[in-house]
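Peer 1: Chains as they are written, first to last, in this note's numbering: chain A, 1 to 284; chain B, 1 to 193.
The set of hints was computed from the structure by calculation and includes no laboratory data. In this text, a Cβ means the ideal position worked out from N, Cα and C, and glycines have one as well. Possibly wrong hints are sitting among the right ones.
Quick list of in silico lysine-lysine cross-link-like pairs, DSS-like style, CA-CA up to 27 angstroms [claimed, not checked]:
1) A:Lys278 x B:Lys136
2) A:Lys92 x A:Lys169
3) B:Lys186 x A:Lys74
4) A:Lys148 x B:Lys105
5) B:Lys156 x A:Lys53
Partial list, computed: chain A residues near chain B (C-beta under 10 angstroms) [said to hold, decoys possible]:
6) Ile147
7) Asp153
8) Ser206
9) Phe249
10) Tyr252
11) Gly271
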Amino acid sequence: MATSLIRRAMNATSRLSSSTVNPASRLAVIRPYAGEADAQKVEPKAAASTNMKTFQIYRWNPDDPAKPQLQDYKIDLKECGPMVLDALIKIKNEIDPSLTFRRSCREGICGSCAMNINGCNGLACLTKIESGSSETTITPLPHMFVIKDLVVDMTNFYNQYKSIEPWLKRKNPPPTAGKEIPQSKKDRAKLDGMYECILCACCSTSCPSYWWNPESYLGPAALLHANRWISDSRDEYTKERLDAVNDEFKLYRCHTILNCARACPKGLNPGKQIQHIKQLQLTG
Amino acid sequence: MASSLALKRLVSLNILPSSLRVLRPIVTAPSASRVSNTNAAHEDEFDPLSPTRSPNQAVNIRDQFMKSQFLSASRGMATLAKGEGETSESKNILRPLSPHLPVYKPQLNATLSITNRISGAFLTTVLLFSYLLSLKMGSVCLTYSSFYQFFFYSAKLFLVSTSVSALALSYHTYYGIRHLLMDLLKVGVPKVK
């Protein structure tokens, strides 16, 4: 607004000085800033100063059900943050507002933005965009029912987590009534590597065994949490928890494929925890 | 599995899940018609016309409603926006399954595992059916001449097939030993990224 005012003032003075309005004189007006004419120049698609990258994103709309498609989007990496989530948000803001995905914390702690990026499961907010001109393929978490675009139905996953009863269960009251149950540092260290799980479902949906038996096999995430409660020294229902999982399908569909450990965005190893449960089944 | 699918189909035909209807057998006629007409089912739990329930029962009904809602939500029920006054039916669209095998990047540990399974299957067929080949062959080839021809020409493949089965056997054995070591001695577990 200020630029247009100044420009009109300068044009008025130039018109006063010269009798006829001369386009050349208008162009010769001194400009210390980039004027409106420069701003309206259309930027070329792939000039030397842009770094275009193509994203192939899985699209499916329940309101217009057709076969799911991979849709291409080109964005300039120079004007985008480093993570895949930044690219998705940029696409949604500027190119296609109908792109649907879950996201919340943008820092890798909530687990909402879990999806399959370039063939590996991970959190979009923690996965850097690969530099180079190769295409990035983004699909939802594998072998889950798609609600829309990159949003999948997680109810089965959450129900499996609920089924292992992820809370402290005791038969006796705490040793000092009204105070917390004491736990030594060593016992607390046994829970490291399990309590950090954010239930993003990257591990379970990377496990081929979970793909073929999603309703009967509990999956690495639920079994990791089962181990977390089994190994908790304050919990007194260890035997019952082990018996609840000691089923041909719930636990023993794990064939140590170990895709889960590769997929976990927090660096946890659910395969190791499942081996721990299996060992406890043998000995205890 | 089939029965649960049938239940889902049945549920999708009516707006209210069957559990909620089962829990209200003594419902009077006017509220029953309300139950079948409206889509906003949540108000029915606190229906002033129905007999008063204890809070536990109300929570139980709500939990069962939510559970059966999850049952039906897993595949088909793409419901239109609730909160509209008039009746809105739920479209029974089958949701697609997100791509798994075509999309997932093959990884070293997963490839080793599936090769173990394939070699195991191959060895099983070879070991169990080689006896059939060698012992039962006599009774068959006396009758068919094309059988003779087949075995004559495929005899050159014997060396190749023994090499392949030796490869499969050795791989399967090594993988089995590695598995044992991983389980018992925690040796050779792949590093987490």
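Peer 1: If a hint holds in the structure, say so; if it doesn't, say that too.
Peer 2: Against the structure, the hints come out as follows:
Annotation: proposed proximity of A:Lys278 to B:Lys136 is violated, straight-line Cα distance about 43 angstroms (limit 27 angstroms). Taking the CA atoms of A:Lys92 and A:Lys169, the gap is near 45 angstroms; set against the 27 angstroms cutoff, the hint is violated. The straight-line distance between the Cα atoms of B:Lys186 and A:Lys74 is roughly 46 angstroms, outside the 27 angstroms bound, and the hint therefore fails. Annotation: proposed proximity of A:Lys148 to B:Lys105 holds, straight-line Cα distance about 23 angstroms (limit 27 angstroms).
About 53 angstroms separates the Cα atoms of B:Lys156 and A:Lys53, which puts this hinted pair outside 27 angstroms; it is violated. Against a cut-off of 10 angstroms between C-beta atoms, the interface hint on A:Ile147 holds, since the closest Cβ of chain B lies about 7 angstroms away. Interface hint at A:Asp153: satisfied, since its Cβ lies 6 angstroms from the closest Cβ of chain B, which is below the 10 angstroms cut-off. A least Cβ separation of about 7 angstroms between A:Ser206 and chain B falls short of the 10 angstroms threshold, and the interface hint therefore holds.
For A:Phe249, the shortest C-beta to C-beta distance to chain B is roughly 13 angstroms, which exceeds 10 angstroms, and the interface hint is violated. Because the beta carbon of A:Tyr252 sits about 13 angstroms from the nearest beta carbon in chain B, more than 10 angstroms, this interface hint is broken. For the restraint placing A:Gly271 at the interface with chain B, the shortest Cβ-Cβ distance is roughly 8 angstroms, inside the 10 angstroms limit, so the hint holds.
Checked against the numbered hints above, the structure breaks hints 1, 2, 3, 5, 9 and 10 and satisfies the rest.
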